[in-house]
Every structure is written in structure tokens, then in C-alpha cells.
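Number of protein chains: 2
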Amino acid sequence: MNTDVPTVAQPGLAPEIAALLKRDPAGLVAAVVQQEATGEVLMVGWMDDTALHHTLTTGRSTFYSRSRGELWVKGETSGHRQWVREVRLDCDGDTVLVLVDQEGPACHTGDRSCFDARVLPATVGLPPVDETPPGRPAAAQVSR
Amino acid sequence: MNTDVPTVAQPGLAPEIAALLKRDPAGLVAAVVQQEATGEVLMVGWMDDTALHHTLTTGRSTFYSRSRGELWVKGETSGHRQWVREVRLDCDGDTVLVLVDQEGPACHTGDRSCFDARVLPATVGLPPVDETPPGRPAAAQVSR
Chain A
311 MNTDVPTVAQ PGLAPEIAAL LKRDPAGLVA AVVQQEATGE VLMVGWMDDT ALHHTLTTGR
371 STFYSRSRGE LWVKGETSGH RQWVREVRLD CDGDTVLVLV DQEGPACHTG DRSCFDARVL
431 PATVGLPPVD ETPPGRPAAA QVSR
Chain B
311 MNTDVPTVAQ PGLAPEIAAL LKRDPAGLVA AVVQQEATGE VLMVGWMDDT ALHHTLTTGR
371 STFYSRSRGE LWVKGETSGH RQWVREVRLD CDGDTVLVLV DQEGPACHTG DRSCFDARVL
431 PATVGLPPVD ETPPGRPAAA QVSR
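If you read the sequences in order, they're chains A and B.
Each number in this note's numbering corresponds to the 1-based position in the first sequence with 310 added.
Each number in this note's numbering corresponds to the 1-based position in the second sequence with 310 added.
Only chain A is shown next, with the shape it has when bound in the complex (with noise of 0.2 Å):
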């Protein structure tokens, strides 16, 4: 474990949460980032139970690194810390969203958002004119 990571005053997290969580064969769960009031996705990350915890009581963004083993704590090293705002958590128990305030970029390579990078090609989709309903603009109309 990093040894940056804050001491918090609870040993662990809540017995109810800890209930509510479906991990994955690793123990994580996902955690999409996302800048309160803008809504714009930073980043997608991974929490094992102690970075939830962390996450949950001291306001800053914690995930565990599946590549090193460890975690880490938003920001300790680049300074672009997460203050966390909200933590909600999905319907099946496999993702938290986690809404914060970004201080600088939240990707490693300096982009604002780790999504800002590589768009791929996609064919946009549109429902069939024939069944657009009322109040709904027609395929054709749609701007893109």
C-alpha cells in the first residue's frame, strides 16, 4: 500500500456499504469521475474496498492501481487533485460515479479529461422517422 495515502479515523469501510458492493474477480469496482456542475467525464478508475473508504472520508479521490498493486490517492504526486462532492453508486453495485472538483488536468498526459484524446469512428444513430414520436425532431432534421 502507498504509504501517501491518508490516515483516516475509521478502521475500514461501513459494514452496510461494504454490502452493497458486486466487485469484480479482482475486488474493484469502477469509478467514473465526473467534474461536478459541467458534467464532463474526467476519467474511470478502480476502487478495491480501502479506496472506497478513503474516497468516502477524506474528500479526496482514492483508486487502486491494478498495474503497480497499490493505491493511490488522486493528486498526490501531480498535485491535480479530486475534492470529492458526491459518491453515488450504481443500481447493480459495480460502479461508483463519483462527482468532484478537478483542480488542473485529471489525465496523466495533460488533457483535461483522460477522453479528450481519441475519438473513434462511429456511425451515428438515429430512431427510424417512421417512429419518431410527437415533440421529437425526425431523423432528417437532426442536426447531426
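For the record, the hints were derived by calculation from the structure and aren't laboratory data.
Fair warning: there could be bad hints in the mix.
Here's a subset of chain B near chain A, in silico, CB distances under 7 Å, partners left out [what the hints assert, rightly or not]:
#1 Val342
#2 Thr367
#3 Leu381
#4 Trp393
#5 Arg398
#6 Leu399
#7 Cys401
#8 Thr405
#9 Phe425
#10 Gly435
#11 Leu436
#12 Pro438
#13 Val439
Even glycine gets a Cβ: it sits at the ideal position worked out from N, Cα and C.
Since chain A is already given, all that's left is putting chain B on it; use the hints.
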């Protein structure tokens, strides 16, 4: 494989895209689905190469069900389809961000988003007042 998956012209994911992916041990990448324009995070699913290929070429979000071990096209049963607007790959290739136009609720519970129902108790994080950079409200003045 679910036989409801629409037939597409190409036999599989383009090799140049496949080469960018960093799949988990099950061969999957995470897929964060976000409502275009509003920025609302609707759900997180999982995609293998075939699901990503279908998402990129059919205009409909398509996922791999880890529990059922098959592909599923979002809305095929419920009618709550996701029309693809843009697909972005993150910096390390293990997550895609799928911008969509969601028909109706995205969650199987009937909620608009899979993150609507459960807010976890979290300490709100704020930078120390003496660190507050110029032009940024001091912690004590932040409204929440």
C-alpha cells in the same frame, strides 16, 4: 450470442482499433454511457471487441453481459434504446465513453440513470483555505 444483435457489413472490429484496447482478463473494456448535451452519466456496461464493433457500426449501444455471457443490444427488450452519437477511447485504452441519445429510462429499475437511487455518505473535500489560488472561492465560501 444473442440472435437479436443486428447484422453488420464488417466481420469484426477494425484491427487498428483493436490494437488500441487494453482489455481486462475477461477480454472486456468498461463503457461509460453519457447522455449527449445534458452530460448525465446514465450507466456503465462492458464491451468485448464484438460489442464495441456493433456499437461503432450500428448506431446502437451494444454490451457484453458478464452474468449471462452474451451480447445485448440496449433497448432490444425494453425499447429504451441508446442512439450512438460519439465514442471516445480513454488514454490507456481500457474504457470507452459512449455519448448517446437515450430513449426513456436507462436503468432497468425505471430510473433515468443507474446512479439515481443510491447516494453514499461522503465527506465533502475542499482545498485548505491557505492554498486557495487567486480567483477561486475560498473553502469557507463554497456553498456546499
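Hints, one by one, checked against the model:
Given hint, Val342 of chain B at the interface with chain A, holds; its Cβ is 5 Å from that chain's nearest Cβ, closer than 7 Å. Taking 7 Å as the C-beta contact cut-off toward chain A, the hint placing Thr367 of chain B at the interface holds, the least distance being around 5 Å. Among the interface hints, the one on Leu381 of chain B is violated; its C-beta lies about 16 Å from the nearest C-beta in chain A, farther than the 7 Å criterion. For Trp393 of chain B, the suggested interface contact is upheld, since its CB lies about 4 Å from the closest CB of chain A, less than 7 Å.
Below 7 Å, beta-carbon pairs count as interface contacts, and Arg398 of chain B has one with chain A at about 4 Å; its hint therefore holds. This hint holds: Leu399 of chain B has a C-beta 4 Å from the nearest C-beta of chain A, less than the 7 Å allowed. Because the beta carbon of Cys401 of chain B sits about 5 Å from the nearest beta carbon in chain A, less than 7 Å, this interface hint is met. A least Cβ separation of about 4 Å between Thr405 of chain B and chain A falls short of the 7 Å threshold, and the interface hint therefore holds.
Here the hint on Phe425 of chain B is kept, as its CB sits about 4 Å from the closest CB of chain A, short of 7 Å. A distance limit of 7 Å between C-beta atoms decides the matter here; for Gly435 of chain B the minimum to chain A is near 2 Å, and the interface restraint holds. Look at Leu436 of chain B: its Cβ gets to within about 6 Å of chain A, closer than 7 Å, so that hint holds up. A distance limit of 7 Å between C-beta atoms decides the matter here; for Pro438 of chain B the minimum to chain A is near 11 Å, and the interface restraint is violated.
For Val439 of chain B, the interface hint is violated, the least distance from its beta-carbon to any beta-carbon of chain A being 13 Å, above 7 Å.
Of the numbered hints stated above, those contradicted by the structure are hints 3, 12, 13, listed in ascending order.
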